[in-house]
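Asks: Residues per chain, in single letters:
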Amino acid sequence: MTSVSTPGGARTENGATSRTRRTARLVRGAGAQAVRILLLPVLLVLLWWGYTATGSSYYMPTPGVIAGAFAETWLSDQFFVHALPSIGRLLAGFALAAVAGVIAGVALGLSPRARATAEPVLEFCRAIPPPVLVPLLMLLIGVNLQMKLAVIVAGSVWPILLNTIEGVRAVDPVLVDTCRCYRIRGWRWLTTLVLRSASPQMMAGLRQALSIAIILMVISEMFASSSGLGFRIVLAQRQFAIPEMWSGILLLGLLGFALSVVFGRVERSVLHWYEGARAASRGT
Amino acid sequence: MLDVTGVHKVYSGGDREVEAVRDLTFTLPEGELACLVGPSGCGKTTLLKCIAGLMPPTSGQVTLAQRPVAAPPPDMAVVFQEYGRSLFPWLTVRGNIELPLKKKKLTRQRRESLVAEALDAVGLSSSGPSYPWQLSGGMQQRVALARAIAYEPRVLLMDEPFAAVDAQTRADLEDLIRTLWQRFSMTVLFVTHDIDEAVYLGQRVLVLSSAPTVIQDDIAVDLPEERDQLTTRASSRFTELRTRVYEEIQTAKRGAAATSGK
Amino acid sequence: MLDVTGVHKVYSGGDREVEAVRDLTFTLPEGELACLVGPSGCGKTTLLKCIAGLMPPTSGQVTLAQRPVAAPPPDMAVVFQEYGRSLFPWLTVRGNIELPLKKKKLTRQRRESLVAEALDAVGLSSSGPSYPWQLSGGMQQRVALARAIAYEPRVLLMDEPFAAVDAQTRADLEDLIRTLWQRFSMTVLFVTHDIDEAVYLGQRVLVLSSAPTVIQDDIAVDLPEERDQLTTRASSRFTELRTRVYEEIQTAKRGAAATSGK
Amino acid sequence: GDESGGDDLTSITVGAIPIVDVAPLHLAKEQGFFEDHGLKVEIKNTSGGAEAIPGVNSGSFDFAFGNITSLIIAREKGLPLKVVSNGVTSTGKEGADFGGVVVPEDSSISSARDLAGAKIAVNNLENIGDTTVRNSIREDGGDPSNVEFVEMPFPDMPAALEQGELDAAWVVEPFRTTALDDGTEEVASNFVDADPSLSIASYFTREELIDDNPELIESFTAAMHESLSYADSRPEEVRRILTTYTDMDETLIEEIQLPAFPTEGDRDSAQRIGELMVKDGLIDSKPDTDELFL
Amino acid sequence: MNTMTGTSTGPVPTTDRSKSAARPPAGGRRRRLPNESALLGSVGVAGFLAVCEIVPRLGLFPEKYLPPVSRILAELGQRLLLTSFWNAVADTIIAWALGLAIAFFAAVLLGFVIGSVPVLRAFTASTVEFLRPIPSVALIPLAILVYGVDIGSTLLLVVYAAFWQIYIQVLYGVADVDPVAEQTARSYGLGYWSRLRHVVWPSSLPYVFTGLRLGAAVALILTITAQLTIGSPGLGQQIQVAQSSGALTAVYALVIATGALGVLVNIAVRSLERRVLRWHTSVRGEVAS
Ligand SMILES: Nc1ncnc2c1ncn2[C@@H]1O[C@H](COP(=O)(O)OP(=O)(O)OP(=O)(O)O)[C@@H](O)[C@H]1O
Ligand SMILES: Nc1ncnc2c1ncn2[C@@H]1O[C@H](COP(=O)(O)OP(=O)(O)OP(=O)(O)O)[C@@H](O)[C@H]1O
Ligand SMILES: [Mg+2]
Ligand SMILES: [Mg+2]
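Residue numbers (my numbering), protein chains in the order written: chain A, 94 to 377; chain B, 5 to 266; chain C, 5 to 266; chain D, 743 to 1036; chain E, 61 to 349.
Please keep in mind that the hints were generated in silico from the structure rather than gathered at the bench.
Please note: incorrect hints may appear among the correct ones.
As the list claims (entries may be wrong) - The calculated lysine to any residue pairs, modelled on SDA-like cross-linking and capped at a C-alpha distance of 20 Å, are:
| hint | chain 1 | residue 1 | chain 2 | residue 2 |
| --- | --- | --- | --- | --- |
| 1 | B | K106 | A | W280 |
| 2 | C | K106 | E | G119 |
| 3 | D | K819 | A | W280 |
| 4 | C | K108 | E | I153 |
| 5 | D | K819 | D | E904 |
| 6 | C | K109 | E | L100 |
| 7 | C | K108 | C | F188 |
| 8 | C | K109 | E | S254 |
| 9 | E | K124 | D | E904 |
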């Protein structure tokens, strides 16, 4: 082959100096990160505190009281008895919803006809509130783990499904043509073209679904159960144990935050090309 | 053999219709290298997509080796005009080139050597691990080209594949295409706006008219098979041919100016 | 006056760093038309983006009329190399051209006539109501150009703006740019791969070397102000200049080939 | 709800769950007992005590209907609520009360004692249902410590029983009748076991309103008393009014067991419930139930 | 523009639709599309109804707990004649529309501002992630306390739940702007707000629409749930009455009414989307071929 020689720019390898620089940057980065994460929550807690300390309302205890209740309620074996199984169900439900949502979303996104056929029914199902859905599921599935999972899936699958559909519909036609003419088909076509190019929107759906799954975990435990994080919150609410109720909500929030951190990691590695391309043309 | 018979294409999107191609008929014998020139917007890309089986013509037919083209035929590679968008941003340069090879039953080694050779041929040997969006426009275009040649197609369709590279690289790539074409006896259809390039590369130059698009002229390039950037381009026959093509395009556009006045 | 002083740009994405531009220093007096040529991937686009204030250089500085450029300065228009992606798909061709005019305090009539004139100048008068994705590559590129000229900028930066149009249209557009430049005395920086074009258009041709990129040469084009596609290009001075530029680029690439071997 | 409205009537809002138990409230409105006492009442549906209590607290409701356990708990937790009128009382007849524990037809459970170790549905955990059912088991000589109570809304219990999801369910009317019609057996009348004259639920208000407007309270209590005795003596009227504010099937309405509606709640029964709650650990110490009543 | 060198590249002759009315294939196909999708949708609904009819009839589940759909529809038909039903529908729609509108505008406004200012986004991310998983139902006592049992509480719950759905979509949408388009706008001196309006907004529209569809359903769900638990008037309350009376058929009938509302909302959003996003790959590809 005749060879053309144009090197694409000189590449400087990082030496030891840049490594120390990088560590320094990392340390500074961790500090800044902590400030970024904590600043607003601290302000909000102070605000809450200022508000509740003066006009004490029965339903809004001070942060101190909530923290006390939190320590008492959750920093004990209660966490293992009630919270851990709930988190397990939540993760299982989310995983099922992700799989179901992506598979159905790809199928419906690819076929306008399938979508036109299924959409009214799906929209119908989507509009049914879980409190009326649960009795039906109890009837169809029974009162068991599967029912709880079904509730979580039935609620959190929608953002994944809708976003996947839209992501799949928006695949760049030039890439579609590229795949067609190189006859990239089947599984490879699905994984290298469809899923990848829909992934930014799919990630949006998954992020939505994660917090919805937490909410539905709570709702699923409001029916036919006698344990679980959601159950504890509802029970505390009904028993007017308001600080305990808030401590449960606090735990949900913390759970949501922790999961979103993990999710962020996954997202960054899945979408590194996407972020990279964006950052690249901004020249940073 | 590639047969294009009475191809007519109308785009109908929104509230208006655009007749991109009126009526095109020509035949490209197997192993021929033809260049396609014509005014901007005359329907070259449209024609290419019809030939590639990416788009059905409104009427008329394309056949390749006696089989009507309804979907992209096997062993065909296309370099798209929108080279930037035809690269997968989530794959590295190497990944992009390797992807179409994966479904060919090749050993891993063979695949890797094909990729390396193609990258080397377009002068990007060190860019394999980069992502397309880390490359300049011209480099991206060369990646798209490398993908096509690594695929070792029987039919190669190229839509202005050298538009974004510098003159020197372009000359090298022209020679590369001719070398590959001779070596693998591919059928090549090459769209370009550079008249010199069309004459230098092709065995034949097809000139399209402005819309309503028909074949304005079909010029056989009777230059010697062995071509060389310096001597061929300096030959008087070359000059004659390029003048002929230039005039045809002028006519094509004047015709359009005249009709568009109505 | 545009001052580029010691501009150095390193892209650091992921785990590797790419030095796109090593050290560039030059001055463009107000109202000058300079062309920038250089091998593919040498950093022309990078430089243009630094000048446009879209990207901070790693070190060095760009000043425009004595003011350091940190953000895009007012009255500047850019034609991007990725013309397709720089057009907004949700706006029609007319909408695309009109958008930048909206923030200028113009009457509606004036705006409309600017749009119509620009469309006419690039030969797309009938494509106003189309969407960019309904146009061919060359037409899209001309829309991007029309948007820039309708804006009536003081500084016009163009990155291979004619790469996708046919030879005839290209010649017309070259003349268009020169006419506008003379009429509005803009400062123009024009990136191209076409050496003839660089010489024909510019008052000055800047040749960039391959990476590590510096200014290889800065050639004054001493052709008469009034240029003409036929006579100018036929003149012996033109041939001399284009040979000079060609050789410089050859040297630039050979240098690169030599250094890249180490 | 505030003092306004034409004809010199005071407008008030009462929150109540739309079930059999609050028939007297609807009768009072329909029969004009409220108007007789200068009240113009708007009845708002709630889904139970948990929503009604904050509603009363916030002033959205002037009065509401809630069960005695919830009220004791709320009071324990410092919510200033007071009962102003009796609501609904057990019939005191074993096997013919408006609530009871039912088991599927083929169940091996035949008495309250056998419920030990069973999976029993109640509508709300740690509330009147599980405390009284535990009590029934104890009274029958069983051990309630390893009974598994699960939460489930009443409407879903008959289906869950039939599907075999549960060993037993504590149901109230009309679901008790539905379940019995399905062939289930009633094995305990938990209210009766706790106290034959158990006042299950009452109408209550916030202390603040009592201090601000004692006449209003008097009027409401008086009207309710009239209506309660009206209802207690005229079951056919109760059955009739049910068709207006519920969606119950008419044949079902004819079948259900109506509760008793004495005008005065049995304060001793509240005391009894308080004891049971302490026993089950719902609250720490025996509540001063007298404080709860006006 | 006489002094400009007019290039004479052929403007492509474009046939007006009026002129080409004689050419049926293209035009006909285009007009048929919405009808075709309506037809397919009806097929889907019919299939769904058939399943719902057959499953109870086969006796897989006791009929009294899962009545066949014909009986449910008959019940619904009876309710359709009652003004109380339509009042409930109106109450539901008002609460839903109000809640959705508030959530939508708040989320879009905040989403765009916060999404396009990286610093703001970085500093609010933790709080957002903390607040999102808090279920609206847990806020019911607080809502009742602050807003009473009227529409205020319902709105609080609806807005709280729907807000996050739209907000997250907007954040992702804002991040999805093509950098070249963004740079084009910047180089032409478009300011922050005009970039937001002319570049960021249109390119994030596909995400916003998905957010709107998600938010609309969640708002409907929360409206019903709030009415069901708090007892403010509307379909939810009717469901609650029916539930506590053991009138299962009525419950299902009302659920179908709710679902039908959801379907109608989706049809509306979809047709809006087809108009607004006609430039987008997802829509134009399907319209053209
Ligand atoms: N999707 C589309 N919808 C409507 N019209 C289209 C579409 N694509 C292309 N056209 C029109 O068809 C005509 C031919 O376009 P095509 O892209 O084939 O031209 P081309 O010869 O490749 O031009 P260029 O040299 O500029 O790339 C143009 O007038 C264009 O406006
Ligand atoms: N986002 C990026 N990340 C890393 N490297 C980059 C990035 N953008 C450009 N480069 C590198 O910088 C160098 C210069 O790129 P640039 O786009 O400026 O070249 P160019 O002169 O415009 O080339 P062409 O003529 O091909 O358009 C190239 O080697 C390219 O690989
Ligand atoms: Mg083209
Ligand atoms: Mg470039």
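Asks: All hints, please: hold or fail.
Replies: Results of checking the hints against the structure:
With a CA separation close to 12 Å, the supplied pair K106 (chain B) and W280 (chain A) stays within the 20 Å bound. Taken as a hint, the K106 (chain C) and G119 (chain E) pair is broken in the structure, with Cα atoms around 68 Å apart against an allowance of 20 Å. Our distance criterion of 20 Å between C-alpha atoms is broken by K819 (chain D) and W280 (chain A), whose separation comes to about 61 Å. The suggested pairing of K108 (chain C) with I153 (chain E) is violated, with an alpha-carbon distance near 44 Å, which exceeds 20 Å.
Distance check on the hinted pair: K819 (chain D) and E904 (chain D) sit about 38 Å apart at the alpha-carbon level, beyond 20 Å; violated. Of the supplied pair hints, the one linking K109 (chain C) and L100 (chain E) is violated, its CA atoms being roughly 51 Å apart against a limit of 20 Å. This hinted pair checks out: K108 (chain C) and F188 (chain C) have alpha carbons roughly 17 Å apart, not beyond 20 Å. The suggested pairing of K109 (chain C) with S254 (chain E) holds, with an alpha-carbon distance near 14 Å, which does not exceed 20 Å.
For a cut-off of 20 Å, the pair hint linking K124 (chain E) to E904 (chain D) stands: about 11 Å separates their Cα positions.
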